[in-house]
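Visitor: Residue numbers (this note's numbering), protein chains in the order written: chain A, 2 to 165; chain B, 6 to 200.
By construction, these hints were calculated from the structure, which means they are not laboratory data.
Take these hints with a grain of salt, some might be off.
Cut-off 25 Å, straight-line C-alpha distance, at most; resulting in silico cross-link-like pairs (DMTMM-like, lysine to aspartate or glutamate) [stated by the list, open to error]: (1) B:Lys71 <-> A:Glu145; (2) B:Lys46 <-> A:Asp165; (3) B:Lys71 <-> A:Asp165; (4) B:Lys134 <-> A:Glu100; (5) B:Lys71 <-> A:Glu79; (6) A:Lys40 <-> A:Glu79; (7) A:Lys119 <-> A:Asp50.
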Amino acid sequence: MDPQLTSIIVPTEELGQIEECLGRLVEDTGSDYALLLDKSGQVISSKGDGDRQDITALGALIAGVFASSREVAKLLRERDFRASFQQGVRENIFIALIEEQWILCIIFNKGTHIGLVKVLTKKATDELASVLERVRQQHKARDEVLGSSFRTSMEDTIDLLFRD
Amino acid sequence: MALINVAAREIHCKIVYYGPGMGGKTTNLQYIHSQVPKDVKGDLLSIATETERTLFFDFLPLDLGKVRGFQTRFHLYTVPGQVLYERTRVAVLNGADGVVFVADSSKQKMQENVNSLRELAQNVTRQNKRFAEFPIVLQYNKRDLPAEVIASVQTMDHFLGVNRMNWPRIEAVATTGAGVFETLRAISRAVISKL
Numbered sequence: 002m003d004p005q006l007t008s009i010i011v012p013t014e015e016l017g018q019i020e021e022c023l024g025r026l027v028e029d030t031g032s033d034y035a036l037l038l039d040k041s042g043q044v045i046s047s048k049g050d051g052d053r054q055d056i057t058a059l060g061a062l063i064a065g066v067f068a069s070s071r072e073v074a075k076l077l078r079e080r081d082f083r084a085s086f087q088q089g090v091r092e093n094i095f096i097a098l099i100e101e102q103w104i105l106c107i108i109f110n111k112g113t114h115i116g117l118v119k120v121l122t123k124k125a126t127d128e129l130a131s132v133l134e135r136v137r138q139q140h141k142a143r144d145e146v147l148g149s150s151f152r153t154s155m156e157d158t159i160d161l162l163f164r165d
Numbered sequence: 006m007a008l009i010n011v012a013a014r015e016i017h018c019k020i021v022y023y024g025p026g027m028g029g030k031t032t033n034l035q036y037i038h039s040q041v042p043k044d045v046k047g048d049l050l051s052i053a054t055e056t057e058r059t060l061f062f063d064f065l066p067l068d069l070g071k072v073r074g075f076q077t078r079f080h081l082y083t084v085p086g087q088v089l090y091e092r093t094r095v096a097v098l099n100g101a102d103g104v105v106f107v108a109d110s111s112k113q114k115m116q117e118n119v120n121s122l123r124e125l126a127q128n129v130t131r132q133n134k135r136f137a138e139f140p141i142v143l144q145y146n147k148r149d150l151p152a153e154v155i156a157s158v159q160t161m162d163h164f165l166g167v168n169r170m171n172w173p174r175i176e177a178v179a180t181t182g183a184g185v186f187e188t189l190r191a192i193s194r195a196v197i198s199k200l
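One chain only, chain B, in its complex shape (with noise of 0.2 Å):
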């Protein structure tokens, strides 16, 4: 639920970076982290173990500064993938304005995506918000991968329903930065368009 702060004239959303683990949310936030200009961005948190997964979650704090006399704020996090901390994801989303979903474009990934957007579905309705309605993008991760072990597009789509739900779909490399910022762009724009 975005806050709008009328006296301090400010603006705040938060964004969730959603999805399977090792699918590459984590790195889309640090690539973002790494490319925005230095005056927009603040810290990135993580809470990770020691071997560097997502324990809690991670946390990137985007200035985007004034529009129209509101100072805009952008929170982005993710949520731990893995499937044991299925109650942390359910805090993290506490409150979120809209999801990024990071698919792992692996064909043996193609079941752990689909039980994980079932599990958005179903935490975003125990929220009392109604899935269809609640800004999401898709983006496809790791499109650089062999040709051998990579689902194509439209088998994605298929899986993951995305022409039933309409929802914007981008593919990415997560790791080179590509569609990072595509991505970024659609989901920024889905939260505004229902604030």
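Bound-form chain A, shown alone (with noise of 0.2 Å):
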């Protein structure tokens, strides 16, 4: 196993922690929606009013914002932008790095002042960079995903799927 290569793995009891997290954020502060991301713009986890079908292209172009404005950063010799945010005329986004490794996301409406979003993210931020470091531990249950007959029946789907 090449250890460079290492999938983050989130168990069941920190996902568990993170969706509450997640869930009083958004109660706390009124929000419409709050999303957690990988750096490579998957979705980890969120939470909010209803059932969004846009979630996974949401991801993509959030996680693909930050990754850009970090560039931006570095041509401006910063390290990075820990934190940007995003004003529409009904709903704005307020997007925070945790650690380097995942991008929490909240979507709220004119009725929430910024200032509040801001205060109770940092509180965010610290608690799941806590879940983050305990997920970084994480190496047995990804041994118990992918055992071998796990990758054979990938590689028949892969198959199935994706053939000419």
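Build the complex from these two chains, which are given one at a time in their own frames, with help from the hints.
Guide: This is the structure we're talking about:
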């Protein structure tokens, strides 16, 4: 196993803590939606009103924006932009970085004050950073999931779906 | 970096199509999008200029369904190929699990292929990954070019260092779909083997 490609594994207990944290953030700020993304754009968890159908595309775009702003930061000899704010007529988006790995995104309307979002997001990022730290320690869970029979099944599925 | 969500029983992998401008990266994704069953694909999202050149990326989510109880998703991205967008490519490459390098088979484009591959090596290394072990599949696209302008496979192998690196290499004509799914199968298998 190549350690550099070690996958991020989110076990049940940690996912529960993440969901609780996002739920509390949405409730306390009165936001519409909170999303936790991996820096590659994958959605780890989300909480909010209703079922968004566009969540996968949203994750890819937000992560893209964040990765892009990181490159801007480097050009300005800044290490990172830790947070960014996008203001719309109806909806606003506040995005914060957790360590170098995760992105927390809060979507809120004009009924919620940005100051409150910033303060409570800071609290949530600290909490999520400690969850991330525990997630990084997970190796056993991967071996349980990714056995050789899983890989064989996966290859069969790939051959079946991606044929000419 | 793949994401395995044990509680939600989901696995996500990110595959990036890299290569010089006008090489056919977007065409690869468009062909895949046109051919896979509806229940497998999401919308193809393109951030392009008015002249249809990729500005940021194209994005195509593929849902492979349940594999041993795990919902498995592959997210395909392209980078903008033009030299100008080097930093944008770095951003899109962030967290990738594997790369399809789409090389242009035109003799005139050989130097651009080599430069782009070299840049890819640098960018992968900067993400603290060992390039030699990173899952990569080469696609020699535009194999339908006229004989007087097309580079031979051996010439391309030589310039791109295929034999030395032991990368799978697939000949393709992305506009007709030839080799497109063979490439996708090869990179998917390579990514899975490294999870």
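Visitor: Each hint should be assessed against the structure and marked as holding or not.
Guide: To see whether the hints hold, each was checked on the structure:
1. B:Lys71 <-> A:Glu145: holds (17 Å)
2. B:Lys46 <-> A:Asp165: Answer holds: Lys46 (chain B) to Asp165 (chain A) is near 16 Å, not above 25 Å.
3. B:Lys71 <-> A:Asp165: holds (21 Å)
4. B:Lys134 <-> A:Glu100: Within the cut-off at roughly 19 Å; holds.
5. B:Lys71 <-> A:Glu79: Status violated; Cα separation ~43 Å.
6. A:Lys40 <-> A:Glu79: Status holds; Cα separation ~19 Å.
7. A:Lys119 <-> A:Asp50: holds (20 Å)
Checked against the numbered hints given earlier, this structure breaks only hint 5.
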